[in-house]
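The lines below spell out each chain.
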Amino acid sequence: MQHRKMMTHVTLVVAVALAAAFTVHAARTPPVGTGDLAGGNSGLKSAGALAFGPDGVLFVGDSVGGAIAALDTADRTPAASAKVDVKGIDEKVAAMVGVAAGDILINDVAVNPISKNVYVSAARGRGPDAAPLVVRVDASGKLTLLPLDNIKHETVSLSDVPDANAAARQNPRTQTITDMAFVNGNVMVAGMSNEEWSSALRSIPYPFKTAAKGTQLQIWHASHGRYETQSPVRTFVLYTIDGQQYVLAAYTCTPLVKIPVSDLKAGAQVKGVTISDLGSGNQPLDMVPYKKDGHEFILIANSSFGVVKLHADNLGQYKPIDSPTVVDVAGAPYDKIAALNNVRHLAQVDAGNALILTAASGGGFGPAVGPMSLRTIALP
Amino acid sequence: MKDRLACLAVVLALGTTAIAQSVSLQFDGIAFKVLGWTATAPPGGGWSSIFRVYAGTGDVPPLVGTYAIERGSLVFRPRYPISAGVRYRAVFDAPGVRPAIEKSFDGPARPTAASTHVDRVYPSTDVLPANQLRLYIYFSAPMSRGEAERRIHLLDAGGKLLPAVFLPGQELWDPNNRRLTMTFDPGRIKRDLTSNRSMGPPIAEGKRYTLVIDRDWPDATGLPMTGTFRKAFRGGPAVRQPPDPKSWRVAAPPASSRAALVVSFGRPMNYVLLQRMLKVSGPHGEVAGAVGVEREESEWRFTPQAPWAVGQYTLIVDTSLEDLAGNKIGQPFDIDVFDKVTDRITSTTTSRAFEIGPTAKP
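Which chain is which? The protein sequence lines are A and B, in order.
Quick note, our numbering runs 624 ahead of the 1-based positions in the first sequence.
Quick note, our numbering runs 1242 ahead of the 1-based positions in the second sequence.
By construction, these hints were calculated from the structure, which means they are not laboratory data.
All C-beta atoms in this analysis are idealised placements derived from N, C-alpha and C, irrespective of residue type, glycine included.
Take these hints with a grain of salt, some might be off.
Partial selection, computed: residues in chain A whose CB lies under 7 Å from chain B [stated by the list, open to error]:
| id | residue |
| --- | --- |
| 1 | VAL688 |
| 2 | VAL721 |
| 3 | GLU820 |
Using the sequences and the hints, build the whole thing.
Here it is in C-alpha cells:
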C-alpha cells in the first residue's frame, strides 16, 4: 500500500461576482414541475457531463450547443442496488448506432439514484457532425438509447457567448462543460472556455425559469497566500464536513480544495482550503465520497495516478492560509488502489458500491483504447 | 386421416422451402427490405424478433431503427445514417423460413484522398514566453476529436519528447472542429505550485523547441492529414506585467479616409481575443469595420466601413483581453499579492481616447 502525504497547503479565494456580465436565458417554455416536462426534441447538439437531479431527471451538459438539458428519464422504479458488468460497451453502443467502435466517444457516466440504472453519454462520430447519445444500461446489461428527438425535457442556454464576428455563420467560442452537480435546488456547472482563461463556476436554479439569472462564480486560487490565479474547476463533488456542506473541487491547475456551499452565493467572498495535491502532471477526473468501517474516504480517479483512496476523516482541520508567514502543512494521506487500472470515469452507486468505466489501456484523459467496460465495484 | 395429415405436412414443408428460396434481402442505401415474403401482422416478439440488422460482430445488439410495411414488404430503417466503411449484416429469421436468410451489405466507401492540413498556429511568433499559456491550432478542415493528446508533441532541441507539457483533459474545439485550443499545464506555469516546483515551466527561457502535429491525426472523414506540421520556437523571458492600454501606441488615421486605425501593443497579444475584445466608438456610437491582426499579433488594425469623420473617438478594451501568458488588462496571470505595485482591475472594460482631426493626431 502506497501511503503519501499531500504537498502544499494552499488558500483558495473565491470571489463571487454577480451575474452582471453573464445571463442565463431559459430557452424553452414555461417553468414546469419536476417530472412534468414538455415533450419533443431535446435540441441537444452534444451529450457530455451528466448529473442526476430529483425524480429521475438527468441533466446533460451540451458543450457544443452551449446548453444544459434536463431530461425526464421516466426511470423512477426504486432499486436498492444493481450490479452492472458490461464488457465492450463502446462496441455495443457502436453496433446499435451503426458505426465502428472507434467512432464512439464515451463522455460521462452517471447512476440514477432511484433505479440504480446506469446512464452513459457519448458521441456518435468524432467530427463536428457527431450525434449525441444517452444510453441507459440496466442491471441485466441491456442497453437502451434514450430518444433524444422525442423526450420530455427542459433546456437552459448558457448564452453569455459573444459573437467574435456577427457576420460569421457560427460563433467559434465554446464553453466546455467539465462537470455538473445538483446542489440544493441548483445545477452547478464547471467549465472551460476555448478562448479566454476564465474560471466560470455557474449556479442555475432548477426547474429552469424563463429568463432566469444564474450566478457566475469567479474562482481564484492562491498558493502560499502569495500567487493568486483564476482557476477553472475540472471536477467537483458535494461533501459534508462536520455538518456543513462543502464542494470538493479539483482545479485544472492543481489540488483538491474545499469550498463551503453556503459561501457560493452572489456577492460573497470566501476562502477555500486545499486538502490534497496529488502532484505533477496529474488531474483528478471523478470523485466518490464514502464511509467504511467508521472512517471517511474519497475515491478519486486520476488522469495519471490511477485510482486513489483519500483518508478524509480530518478534512475539517484544514484551514485557509491567509498570511504569508504560514508555512506548508501536509495534506490528507492517500493510498493507491493498484487493482483499479485504466479507469476513465467513476460514479457512486450506493453506500458500498461505485461504478467504473475502464479502457483497455490509456487510463485517464488520454486517448481511449477500447474495448471499454462498465463495472460495479465494492468501494475499497 | 393420418395419410391426409401427412400429405398436408409435405405440402407445407415444400411450400416453406419454396418461400425460403424466393425470399431475399435488399439494401437501397437507406433502408433494409425483405422481398418475397408477405408481411402481415408483427409477431409476438415484434418485427425485431424476426428481422434484425447488425453493424458489429460478436455479442452486440442490433441496429436501432423503425419497422414498417411498405407495399407488403417488411422494411427496416436505421435511426442513424449509414456510415462509410461499415459492413451491415441483415438477418431474417421468420418461422417457417429455413434456413434463416442472412446477407451483408457495405456502407459507402471511405474517401481516400487526404487534403486536410494544419493551416496555422497562434502565437505566430517564434519566441514564446516561458509562461506561455495557450496555443490555438487552426486546421484547413474539420478534425476528429479524442486524438489531440497523442498527436501533439513538444520536442526539445535534441528532438527528445517532453512529457506533461499540456493540460490533459477536455479538448477545447470550436463548433466546427477546425480550431483547437491547447493549454500549457497551468500547474507548471503558476509559481510555487507542486508541478511548478518539481518540473519547472513547460518552456524554459533560452531553450529551443519544436511543436509537432502528427500527419496521422485523422480528420473528420477519417483520413490522415497531408503532412506533419512543425513549428520551431525558442523560450523567451516570462511575461509578468499585465498589458496596459495607456502604454499602447494609437495611430489615428486621417479624416475622410478609410485608412486603418493602428494600435500597437508593444508585445504579442492573444490572437483569438483580439478578434472581439477591442472596439471603436465615435461621435455616432460604435464604428463598424473590419479587424486585422498583424506583426505577430502585436498590432491591431481596424478598417472602418465608412470614412472616418472628424471627432473624438474611444478605443474600448475588454479587460479580459490577454497577452500570450494569460495576463489580462491590469491583472497578471498569477498575481503576486505581496507585490503592491499591481492594482487589480475589476471593471469589465477600459478605454483609450483618441481624436481624428483634419490632420490626424495620435
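Now the hints, each set against the structure:
1. VAL688: holds, 6 Å
2. VAL721: Holds: closest Cβ of chain B sits about 5 Å from VAL721 of chain A, inside 7 Å.
3. GLU820: holds, 5 Å
Checked against the numbered hints above, the structure violates none of them.
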